[in-house]
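Chemist: Using the sequences plus the hints, can you model the full thing?
Chain order of the listed sequences is C and G.
If you want the numbering used here, it's the position in the first sequence, counting the first as 1, plus 2.
If you want the numbering used here, it's the position in the second sequence, counting the first as 1, plus 113.
Do not rely on the hints blindly, as some may be mistaken.
To be verified - Simulated restraints, written as ranges between beta carbons of each label pair: (1) G/I313 / C/S37: 26 to 34 Å; (2) C/L8 / G/T308: 43 to 51 Å; (3) C/Y255 / G/K254: 49 to 57 Å; (4) G/I313 / C/A29: 23 to 31 Å; (5) C/G230 / G/D384: 32 to 40 Å; (6) G/R383 / C/A17: 41 to 49 Å; (7) C/I14 / G/L275: 50 to 58 Å; (8) G/A264 / C/A17: 54 to 62 Å; (9) C/Q78 / G/E279: 49 to 57 Å; (10) C/F262 / G/A278: 49 to 57 Å; (11) C/G27 / G/G154: 20 to 28 Å; (12) G/S233 / C/L30: 20 to 28 Å.
The set of hints was computed from the structure by calculation and includes no laboratory data.
Here a beta-carbon is modelled for each residue, glycine too, at the ideal position from N, C-alpha and C.
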Amino acid sequence: MAAILLDPLAAIGRATLGACRTVGGIALFALEAVSHLVRPPFYGRLFARAFLEVAWFSLPVVALTAVFTGMVLALQSYTGFARFNAQSAIASVVVISLVRELGPVLAALMVAGRIGASFAAEIGTMRVTDQIDALTTLSTNPMKYLVAPRLLAATIALPLLVLVADVLGVMGGWLIGTLKLGFVSAAYLKSTFDYLETDDVVSGLVKAAVFGFVIALMGTWCGYNSRGGAQGVGGATTSAVVASSILILALDYVLTEIFFAQ
Amino acid sequence: MSPGSDDRRAQAEPSTGGLNRTAMATTPKIRMRGVRKAFGGKQVLDGVDLDVAAGQGMVILGGSGSGKSVTIKCILGLIEPDEGVIEIDGVNVLKLPRREREALGDRIGMLFQNGALFDSLPVWENVCFKLLAQNRITRAKARDRAVEVLAQVGLAATVGDLSPAELSGGMQKRVALARAIAAQPDIIFFDEPTTGLDPIMGAVIDGLIVDCVQRLGATAVSITHDMASARRIGETAAMIYKGRIVWTGPAASLGHSGNAMVDQFANGERDGPIQMELRR
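Modeler: See below:
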């Protein structure tokens, strides 16, 4: 009888301890990686390679996502706002939604799918094929060599990608507004810039930097701790994408509270 | 080790069932005492005592799961033992600050079982990885050095520009050997150097290992299941069973050592004191 009552509690306790261990492990992993960013030697070539991978090769998918999101947003806003004769607010709704929320979040989700998975798979494969142990025997700290450059690259690259996404998203909205909804081009653009404030852009870029850090952190952490051959690497890749996607959405709320809560 | 290495053979002077006398008289290159390591509830190392004399070629034998790999990973610092002492040149490396422990790696080379070559780098960068990563050499000089070391393991300069994925298993082992010796270490570890190779290629790799170790005057510690390889690359052999060193003696005596466990293992006999555990 007592066992029936205590077993679920024990399971909850074990799960809680496991979760605390994981969160603590990720925090220590992040701290160690960040500490390597300020201690030589620095691996500039690895940073450049990771930056190219995150920023340049993610550009097409982020650009397409942004353009179509801007177009859909303009269309949806029009159908909704037409009921209240508020069509003139479409340009400002498009730009504020994109710059504050959709630009950073959608770009980050796209990058999480591409880069988070790629980091986890690459580092996970290195783990299960002894390449990480080989780094250690070659007097090279794996955290400094594999993790730190990727964290820095993603943290810097994401805001740049989001900046491009913001511009292309607004352009998508402008295309629909002028070609389909009958807006005058100059009036649409004036409305766009009149309602846009510096804080909107800055908050979006800060979010992007945080999301970039989280994507690289989860990708590298899951890969670094993968075990058990191909299946382990596959699991690490899935975990990296799922964990970073959830964290992006959760942190989006937290950051929005910090920036805009009254 | 090699027919010409009389000095080393004299230094090793192994005797069945005990550590050699010369090694006892001088500081061993590697000394392990009471090293224990458990994973979960499983005691993998249960008090390993082992001495490897400077310049000696030591082969560690043992069945799967007996603790061979964990032993050398403990020496390399890849696994932290729960208890015990591991000394290199008389210094307990387990007590060293992290930086000094990492610096110790400069004197150590390692050939992994599957090569563990970095597939994102061309062969020449793999070979000179340590020198490049520590900025001890320019990229141009590293390339020249890689060509030189590749030649020592019988590979042409053109191999340097290939990716590890483009190489056969034997070539990958040669490149891994080249990487292990490129920084001229004084201790080299070999983890199953001939696993996965045909007998002829296995003999070629063993020959290269012997040549390279002899040229560097290094201390070599190998783990292997391959008895022919053990006799070729080892002067002294140690048998590990259930996490303990149960025998140390000359590699040449494997198969007729007088120790029932060693002889059963070396001759691949089903019956004997070693019983395979089918389920743990």
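Chemist: Taking 49 to 57 Å as the stated bounds, is the beta-carbon spacing between C/Q78 and G/E279 within them?
Modeler: 52 Å, holds
Chemist: Please check whether C/F262 and G/A278 have a Cβ separation lying inside 49 to 57 Å.
Modeler: With a Cβ separation near 50 Å, C/F262 and G/A278 satisfy 49 to 57 Å, so the hint holds.
Chemist: Range hint 20 to 28 Å: satisfied by the CB atoms of C/G27 and G/G154?
Modeler: With a Cβ separation near 22 Å, C/G27 and G/G154 satisfy 20 to 28 Å, so the hint holds.
Chemist: Look at the Cβ atoms of G/A264 and C/A17 and judge whether their distance stays inside 54 to 62 Å.
Modeler: Roughly 58 Å apart at Cβ, these two residues keep to the hinted range, so it holds.
Chemist: Okay, G/I313 versus C/S37 on CB: inside 26 to 34 Å?
Modeler: Violated, at about 49 Å.
Chemist: Holds or violated: the 23 to 31 Å window for the beta-carbon distance between G/I313 and C/A29?
Modeler: Because 53 Å falls outside the window, the suggested range is violated.
Chemist: Assuming the hint says 43 to 51 Å, is it satisfied by the Cβ distance from C/L8 to G/T308 or not?
Modeler: 49 Å, holds
Chemist: Do the beta carbons of G/R383 and C/A17 sit within 41 to 49 Å of each other?
Modeler: 46 Å, holds
Chemist: Note whether the CB distance of C/G230 and G/D384 lies within 32 to 40 Å or breaks it.
Modeler: 34 Å, holds
Chemist: Given the range 50 to 58 Å, decide if the beta-carbon distance of C/I14 to G/L275 lies inside it.
Modeler: Holds: the Cβ-Cβ distance is about 54 Å, inside 50 to 58 Å.
Chemist: Indicate whether the distance between the beta carbons of G/S233 and C/L30 respects the range 20 to 28 Å.
Modeler: At roughly 27 Å between Cβ atoms, C/L30 and G/S233 fall inside 20 to 28 Å, so the hint holds.
Chemist: State, for the Cβ atoms of C/Y255 and G/K254, whether the hinted interval 49 to 57 Å holds or is violated.
Modeler: Cβ of C/Y255 to Cβ of G/K254: about 54 Å, so the range 49 to 57 Å holds.
Violated hints, in rising order: 1 and 4; the structure is consistent with all others.
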